Amino acid sequence: MEYILQTSGLCKNYGKSQILKNVSINVPKGSIYGFVGRNGAGKTTLIRVVTGLHTPTSGSYSIFGVGYSDSGINEKRAKVGAVVETPSIYPDLSARENLRMVCRILGKPFDNIEEILKMVELSNTGKKKAKNFSLGMRQRLGIAFSLINDPELLVLDEPINGLDPQGIMEMRELLTNLNQQRGITILISSHILDELSKLATHYGFIDRGVVLKEMSAEELHRSCQKSARITVDNMAALEEVLREMNLGYNVLTGTEAEIYGDFFVTPLVNELNKRNCIVQRLSQNDESLESFFINLIGGGVIA
Amino acid sequence: MLKLLSVNFRRAFLRKRFIIGGGFPIFIGILMLFLAYKNNGHVDNMPFMMSGLLPMLIGITAGLYISQDYTNNTIRNKIICGHSRTMIYLSNLVTSMLGTIIIYGVYVLVTLGIGKLIVGVSSDFDMELTIKGILLTFCIFLTFTSLTVMFCMMMSGVSGTVVSAMLYIILGMLMLPVLFISNDTINEWMMNLNPSFQIDNVEAYVRNSELMPVEDYIHISWIPISSLVMIILSTVLGISVFNKKDIK
Numbered sequence: 001m002e003y004i005l006q007t008s009g010l011c012k013n014y015g016k017s018q019i020l021k022n023v024s025i026n027v028p029k030g031s032i033y034g035f036v037g038r039n040g041a042g043k044t045t046l047i048r049v050v051t052g053l054h055t056p057t058s059g060s061y062s063i064f065g066v067g068y069s070d071s072g073i074n075e076k077r078a079k080v081g082a083v084v085e086t087p088s089i090y091p092d093l094s095a096r097e098n099l100r101m102v103c104r105i106l107g108k109p110f111d112n113i114e115e116i117l118k119m120v121e122l123s124n125t126g127k128k129k130a131k132n133f134s135l136g137m138r139q140r141l142g143i144a145f146s147l148i149n150d151p152e153l154l155v156l157d158e159p160i161n162g163l164d165p166q167g168i169m170e171m172r173e174l175l176t177n178l179n180q181q182r183g184i185t186i187l188i189s190s191h192i193l194d195e196l197s198k199l200a201t202h203y204g205f206i207d208r209g210v211v212l213k214e215m216s217a218e219e220l221h222r223s224c225q226k227s228a229r230i231t232v233d234n235m236a237a238l239e240e241v242l243r244e245m246n247l248g249y250n251v252l253t254g255t256e257a258e259i260y261g262d263f264f265v266t267p268l269v270n271e272l273n274k275r276n277c278i279v280q281r282l283s284q285n286d287e288s289l290e291s292f293f294i295n296l297i298g299g300g301v302i303a
Numbered sequence: 001m002l003k004l005l006s007v008n009f010r011r012a013f014l015r016k017r018f019i020i021g022g023g024f025p026i027f028i029g030i031l032m033l034f035l036a037y038k039n040n041g042h043v044d045n046m047p048f049m050m051s052g053l054l055p056m057l058i059g060i061t062a063g064l065y066i067s068q069d070y071t072n073n074t075i076r077n078k079i080i081c082g083h084s085r086t087m088i089y090l091s092n093l094v095t096s097m098l099g100t101i102i103i104y105g106v107y108v109l110v111t112l113g114i115g116k117l118i119v120g121v122s123s124d125f126d127m128e129l130t131i132k133g134i135l136l137t138f139c140i141f142l143t144f145t146s147l148t149v150m151f152c153m154m155m156s157g158v159s160g161t162v163v164s165a166m167l168y169i170i171l172g173m174l175m176l177p178v179l180f181i182s183n184d185t186i187n188e189w190m191m192n193l194n195p196s197f198q199i200d201n202v203e204a205y206v207r208n209s210e211l212m213p214v215e216d217y218i219h220i221s222w223i224p225i226s227s228l229v230m231i232i233l234s235t236v237l238g239i240s241v242f243n244k245k246d247i248k
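Residue numbers (the working numbering), protein chains in the order written: chain A, 1 to 303; chain B, 1 to 248.
Among these hints, one or two may not hold up.
What the hints assert, rightly or not - With a straight-line Cα cutoff of 20 Å, these simulated EDC-like cross-link-like pairs (lysine to aspartate or glutamate) come out: (1) A:Lys129 to A:Asp92; (2) B:Lys245 to A:Asp70; (3) B:Lys3 to A:Glu75; (4) B:Lys16 to A:Asp92.
By construction, these hints were calculated from the structure, which means they are not laboratory data. All values reported here derive from a predicted model rather than from experimental measurement.
The shape of chain A in the complex, shown without the other chains (with noise of 0.2 Å):
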């Protein structure tokens, strides 16, 4: 697999705080890569340092391949798209002017700034001067800088932050337009997890300066699934059983498996019973990301 961006232990100390300790992740190309974690839990300072805004107290991470203290580290960061926190727009332009500006500092001429305009919905707002435009157009306008230069990699830190429901069912088809018809690669990181399960195809679990887990879309909705945990004494008929049932599952142990899915429990004993297959124990599990995450950094409230 192509990875456009991955880290490998990666560290940041702010005085005596360490606010990431060895990150390494690991963001695959065409992915929606979505970083979760609590506020505080170091996903802005990882953002910060991949941007360029911070340097790494250790550790090193390499974008397309090029090392964060290489020559030609420069090149591939004009591949790269973000915003970081609050957008960085400059307040008393307007839209198109704001554009222009950026359009000059990167030295790219001005033609795709009307469709760029379009894209995020801000080609109406003729001579409003930025600072008097709401939360979600700032939002939207930051996104616009990111894309002026034709970005291969977008980085949103909290992009939908702030936004009401329409803003962020538009910030979500705009994202997943971009990933899927001009193949950007998004690394977008949220706390609000159940927004980012229906953009993201990759994950990285954040707490306190930790990466837990790193995993796809696939695994976590596997993990999350409906499923049911059950113990039998012969794990070959089991098997037969939901292969003729047409269920998921998958086997833990020897006696232990995990069945996906919704399914009525009496017919899948007596087919068992049919086989000689003795059902020790069967519990559902009925996890959402939420729960998961949870379950994941050991207890606690998502802030």
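Based on the hints, put chain B in the right spot on chain A.
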């Protein structure tokens, strides 16, 4: 670098704030001409008067421009899209220095250029000496600008602007220990290397006459060299700190 300069020039010079900042030396210059005209004076030393006020104006103008990049977080745009921090620093330095040249240039143009035509000069007026004095003052103001950029890029936010605006006074106050040092060599070095005192030294040098002779311990020739050294040192220090600085 050219891309950054293009953005800086637009952000710095094509705005109301700079036009007002640039208008201030015109206003001061015209006011001084008016006073000189009313009192039958002349414009001989006018380019060197108000020399303590101009570093403050330069500090405020350059400081506000740089600190605004921090407060709006727009400095992030430059870093994220791959401009090197050294180039960002140097582009801010070049922009601020150009601003300084414009501000002092306008002041000189009003006081000496227009003033010579309207108010006139005295019979003792020495054009060559005055131009030499103006060039030396440019050197000193560029040193102030370099220090302003260093403080603003290192401190980020309004605190850098405040320090820059007060730089002339702060550097002047550094001379307080001199009062307690009876070593002539140290005093001489301090008097000649401190930009705040260099401004007064230039004025004394241009005014040099039998009535007000320039003191022996004032070395005008030190100014270009010390300015160059201070600009290089402050730039190297500023860049090295900015390169390691965490940007919010």
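Quick rundown of the hints versus the structure:
1. A:Lys129 to A:Asp92: holds, 6 Å
2. B:Lys245 to A:Asp70: Within the cut-off at roughly 18 Å; holds.
3. B:Lys3 to A:Glu75: Holds: B:Lys3 and A:Glu75 sit about 15 Å apart, inside 20 Å.
4. B:Lys16 to A:Asp92: holds, 11 Å
Violated hints are absent here; each numbered hint is respected by the structure.
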